[in-house]
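Peer 1: Make the full structure from the sequences, and use the hints.
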Amino acid sequence: MRVALLALLLSIVPAIAEAQEEPPQETQQETQQEAQQDGPSAVETIDRVAVRWYARDAGGAKKPRFIYARELAFEARMEALAERLRLPAAFSEKNLRSALERHITETMLANLPVEPKPTPKEVATYAEAARAILLQRIGDGDVKLGAKLLDE
Numbered sequence: 048m049r050v051a052l053l054a055l056l057l058s059i060v061p062a063i064a065e066a067q068e069e070p071p072q073e074t075q076q077e078t079q080q081e082a083q084q085d086g087p088s089a090v091e092t093i094d095r096v097a098v099r100w101y102a103r104d105a106g107g108a109k110k111p112r113f114i115y116a117r118e119l120a121f122e123a124r125m126e127a128l129a130e131r132l133r134l135p136a137a138f139s140e141k142n143l144r145s146a147l148e149r150h151i152t153e154t155m156l157a158n159l160p161v162e163p164k165p166t167p168k169e170v171a172t173y174a175e176a177a178r179a180i181l182l183q184r185i186g187d188g189d190v191k192l193g194a195k196l197l198d199e
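If you're matching positions, the sequence shown starts at 48 in our numbering and goes up one per residue.
Treat the hints as calculated values from the structure; they're not laboratory data. We put the CB at the ideal spot given by N, CA and C, even for glycine.
Result set (DSBU-like, lysine-lysine): computed pairs, CA atoms no more than 30 Å apart in a straight line:
no.	residue 1	residue 2
1	LYS164	LYS109
2	LYS164	LYS110
3	LYS110	LYS141
Simulated restraints on C-beta separations:
no.	residue 1	residue 2	range
4	PHE121	ALA174	16 to 22 Å
5	GLU130	TYR101	26 to 32 Å
6	PHE113	ARG178	25 to 31 Å
7	ALA129	VAL90	34 to 40 Å
8	VAL90	GLU148	31 to 37 Å
9	LYS164	SER139	35 to 41 Å
10	LYS164	LYS110	20 to 26 Å
11	ILE180	ALA105	20 to 26 Å
12	ALA171	ARG149	21 to 27 Å
13	VAL96	LEU156	19 to 25 Å
14	ALA179	MET155	22 to 28 Å
15	ALA129	ALA105	21 to 27 Å
16	THR166	VAL90	43 to 49 Å
Peer 2: Below, the structure written as structure tokens:
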């Protein structure tokens with residue numbers, strides 16, 4: 048499964064890099080003009096599937112899971128921030144792989160049953176601890192940068 052994920056990841060890296068680049072100004076203007084001509088029924092592509100994966104523990108091939116390009120790019124930027132890279136838009140293939148692995152791991156862990164169920168107070172405590180860990184990884188000074196990334 049790991050080899051298949053690696054092969055899939057290597058095939059989508061160029062697509063995600065293209066998603067980061069802005070289209071030329073002429074293309075943007077043409078798209079806006081076409082959208083105005085077509086009216087409110089025009090369809091716009093907001094995001095696309097970057098990775099399709101499945102695991103036996105998560106329902107197998109009958110229940111595939113999807114990771115979207117924007118979500119994966121955001122998570123890769125977070126990995127880059129954790130490495131203290133200061134360019135928020137720049138991330139490496141290593142960051143992308145790490146983000147993909149983390150996303151799949153978190154999804155699989157989220158499917159596991161929790162026994163006994165935590166109380167709301169415990170959930171709030173865990174959420175605060177997770178927030179503190181994230182701030183420690185990306186640095187307290189990068190909180191505004193993280194908020195900016197969330198807005199993108």
